[in-house]
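Peer 1: So the chains spell out like this:
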Amino acid sequence: MIPLILLLSMSGWVINLAFAQSLVQPDWSLALLLGALLAHRGHWPWVMLAVWLHDLVLHWSAFVLLPWMLLAPLFMAWSDEQIGPGLMQRFMLLLGMMIPLWFWGWDIQACFLTMTLSMVTWYVVARHHEQHT
Amino acid sequence: MERRALWGRLFLLGALIASLFIANQFPIGQQITLGLGQLLYAVKAPVRWLDDASLWLQERGTLQDELIEARETLSQRSYLTQQNQSLREENHRLRLLLHITDTQGYQWRVAQVLGRSPEKKSQHLILQAEANRDDVVVASSGLVGLVDQSHDNTAVVRTILDGSLAIPVTLKNSSLAALVRGAGDHLSVDFVPIRMAPKVGDVLLTSGAGGVFPPGLPVASVTSIEPVAGRIFARVKATPTAHWQRDNWLAIASQKTIPHQP
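Respectively, the protein sequence lines represent chains A and B.
Numbered according to my numbering, the first sequence spans residues 49 to 181.
Numbered according to my numbering, the second sequence spans residues 460 to 721.
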C-alpha cells in the first residue's frame, strides 16, 4: 500500500503542475499523504519525507506545509492519549491542515476537494490496515 | 536514563531542522521540476490532440474569416518589421556616433508553457525552451519573470510574484526610481517618495538599471498608495500587467554576449 500511495502522490505533482489554472483540482499528493497519516499515525516517517518533497516540487521551499504536517502526528499522539482515539479529533486535524493550504494561495474549492480525497484515502488505507492486522 | 533519551530526541529534532534549512539553500525543487519536464509534455498530449481535433469541427466560414484576419495582420506586421529595421539601423548609427553601448542587445524567442505551480497566482512556471539562467521571460502584456534553472530544453521560471525577485522600475516621463518586489499574490513597490507617488492605475516600466531587464517593459499596475506617517516613502501595492496564468506561449529574451573590445 505504501509504495502505491507514494507513486500516486508523485503522479499528483505532475497533474498539479500540468493542469494548474486550467481546472480546479485538489492537491492530490497532500490528500493521499494526509489520508495515509490519519489512517495510521505510525506512517509518519515516510509521509513526512514525501511532504518535504511535495513542498520542494510545488513550492520550491521546505517550509510550506511540512512544519504543519510535523505537528499532526504529535497532535494525534497527544489526543489519543488524553481523549482517546476518535473520529472527531482526526476530522479537526484534517480541517486544520486545510488552513495552511488556503493560506499558501490555493482556491477554497481546491482545499475542499483535497479534504474530500483525503477522507476517501483515509477510509481505504484504514480498511487495508485493518484487514492486514 | 530517560533524561538522556529526551536529550537524544531533542538533538535529532535539531539535526532534522538544521538539515532542512541547509537543504532549502539548494535548488532541489527546481531540479526535480526540470526532471519532470518531459513527463508534463506527455501528460498534456491529450489536450493538444483535443485542440487539433477541434479544428476539424470548426465551420468553413469561421476558418475563412480567421484566414483573412491573419493575412491582414501579416501585412501590417511586415510593414512594422520594415519600419523597425530602418529605425534599428538609424539607432545603431546614432549610438556609434555617441559612443553608447548597445542596450537593445537581446535575442528573443518563443517558448511553450509546460506547467505552472498550483497556487492561485502561480509563482513558478515550467517552459519548453533552450534558455540560460537569468534570461528574461515576457508575455504580450508585460514582464513575467526570470529563468531560474534550465536543462535539456526545459526551463523553470521564477515569476515576479516570487519574493526573491526585485525589479528596478520607473514611470514614463518621470525620474522615479523604485523597486518592485513579489509578495505572493501581489507586488509591493519600494522607495516611492510621497511627492513622486504614481496614481492608481499607472503602469510601472522596467528602468533597465542593473542590466538584467531590458528597459521599457510594462511590469505592474498600481492598485493602492498609502502614505506612512513619519516616513518619506509611501506604501505602494501593485498587480502584474502580465497574465501568465492563462498564456500558453511566452517570449524569452537572452542577453547577447558583447565581444570584448581592446
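Take the hints with a grain of salt, since some may be wrong.
Unchecked claim - Covered by chain A, per the in silico footprint, the following chain B stretches (three or more residues, Cβ under 8 Å):
1) 535-541
2) 628-637
Unchecked claim - Ranges between beta-carbon positions, derived for each pair:
3) A/M140 to B/P652: 41 to 51 Å
4) A/L143 to B/E531: 53 to 63 Å
5) A/I156 to B/R468: 51 to 61 Å
6) B/R654 to A/S70: 39 to 49 Å
Note that these hints are calculated values from the structure, not bench results.
All C-beta atoms in this analysis are idealised placements derived from N, C-alpha and C, irrespective of residue type, glycine included.
Peer 1: Does each hint hold? Answer for all of them.
Peer 2: Consistency of the hints with the structure:
For a cut-off of 8 Å, the count of residues in the stretch 535-541 of chain B with a CB near a CB of chain A stands at 0, and the three-residue condition is violated. For the stretch 628-637 of chain B, the proposed coverage by chain A is not satisfied: 0 residues have a C-beta within less than 8 Å of a C-beta in that chain, short of the threshold of three. In this structure the hint that A/M140 and B/P652 lie 41 to 51 Å apart at CB holds, the actual value being about 49 Å. A/L143 and B/E531 have their C-beta atoms about 56 Å apart, which keeps the hinted 53 to 63 Å range intact.
The beta-carbon spacing between A/I156 and B/R468, approximately 38 Å, falls outside the hinted interval of 51 to 61 Å. A beta carbon spacing of about 45 Å between B/R654 and A/S70 agrees with the range 39 to 49 Å that was offered as a hint.
Going down the numbered hints, you'll see the structure goes against 1, 2, 5, while the others check out.
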